[in-house]
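J.: The primary structure of each chain is shown beneath.
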Amino acid sequence: AQSVTQLDSQVPVFEEAPVELRCNYSSSVSVYLFWYVQYPNQGLQLLLKYLSGSTLVKGINGFEAEFNKSQTSFHLRKPSVHISDTAEYFCAVMGTGGFKTIFGAGTRLFVKA
Amino acid sequence: DAGVIQSPRHEVTEMGQEVTLRCKPISGHNSLFWYRQTMMRGLELLIYFNNNVPIDDSGMPEDRFSAKMPNASFSTLKIQPSEPRDSAVYFCASSLLNSYEQYFGPGTRLTVT
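First to last, the sequence lines map onto chains H and D. The working numbering numbers the first residue of the first sequence as 94 and each following residue consecutively. The working numbering numbers the first residue of the second sequence as 2 and each following residue consecutively.
Treat the hints as calculated values from the structure; they're not laboratory data. Just so you know, not all the hints are guaranteed correct.
As the list claims (entries may be wrong) - Computed list of lysine-lysine pairs in DSS-like fashion (alpha-carbon distance at most 30 Å, straight line): (1) Lys162(H) with Lys151(H); (2) Lys151(H) with Lys69(D); (3) Lys69(D) with Lys25(D); (4) Lys162(H) with Lys142(H); (5) Lys79(D) with Lys25(D); (6) Lys142(H) with Lys25(D); (7) Lys25(D) with Lys162(H); (8) Lys193(H) with Lys151(H); (9) Lys193(H) with Lys25(D); (10) Lys142(H) with Lys205(H); (11) Lys205(H) with Lys162(H); (12) Lys205(H) with Lys151(H).
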């Protein structure tokens, strides 16, 4: 079984500042890792995913994440945020043998002018 | 391309009534997922189908909930009888079997009074 912990429920940040949203996971098997974003009153959409290969993954809207197997982490970063990045961000994990995706509780990113 | 389509977008019903939520996945996708999102419990996977066959329904909360996928382009989630604690946003998502990326619909906001 897998589990996901998003360490911050809310992250306020000023526009153009860097941001890191933290995610740790636990699993007894190899995993695939994902970050999804949810804007108000919308469904989730995929930001980026790690399946294999390079541990630094680049996604849409200037976001990137780094897979750290030893620390079982998959933190999401952006060097300079915009007001439009205000949304809820979900880290998710899937065991490589199945299709069941486990989502974290979400981190609400609030970008202030 | 049309994304995942869900109907209705909003549903308000009285306790004890039957509720049916509908989903049309992206054409060509062969996996379909039903999720429930609440403030208290976050995003929970209720059930998922591969090639119209239910694979894992361990997340279905109780016998009042049932889901069907009669063909590749349509799925329903039924709650009978509904209760106030079923109030939530219900999402449908679809994916290609080996792509691991899920595409979410806009959700159905259910309120049971």
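J.: Now look at each hint and say whether the structure bears it out.
T.: Results for each hint:
no. : hint                     : result
1   : Lys162(H) with Lys151(H) : 17 Å, holds
2   : Lys151(H) with Lys69(D)  : 37 Å, violated
3   : Lys69(D) with Lys25(D)   : 12 Å, holds
4   : Lys162(H) with Lys142(H) : 15 Å, holds
5   : Lys79(D) with Lys25(D)   : 15 Å, holds
6   : Lys142(H) with Lys25(D)  : 25 Å, holds
7   : Lys25(D) with Lys162(H)  : 37 Å, violated
8   : Lys193(H) with Lys151(H) : 23 Å, holds
9   : Lys193(H) with Lys25(D)  : 20 Å, holds
10  : Lys142(H) with Lys205(H) : 27 Å, holds
11  : Lys205(H) with Lys162(H) : 33 Å, violated
12  : Lys205(H) with Lys151(H) : 24 Å, holds
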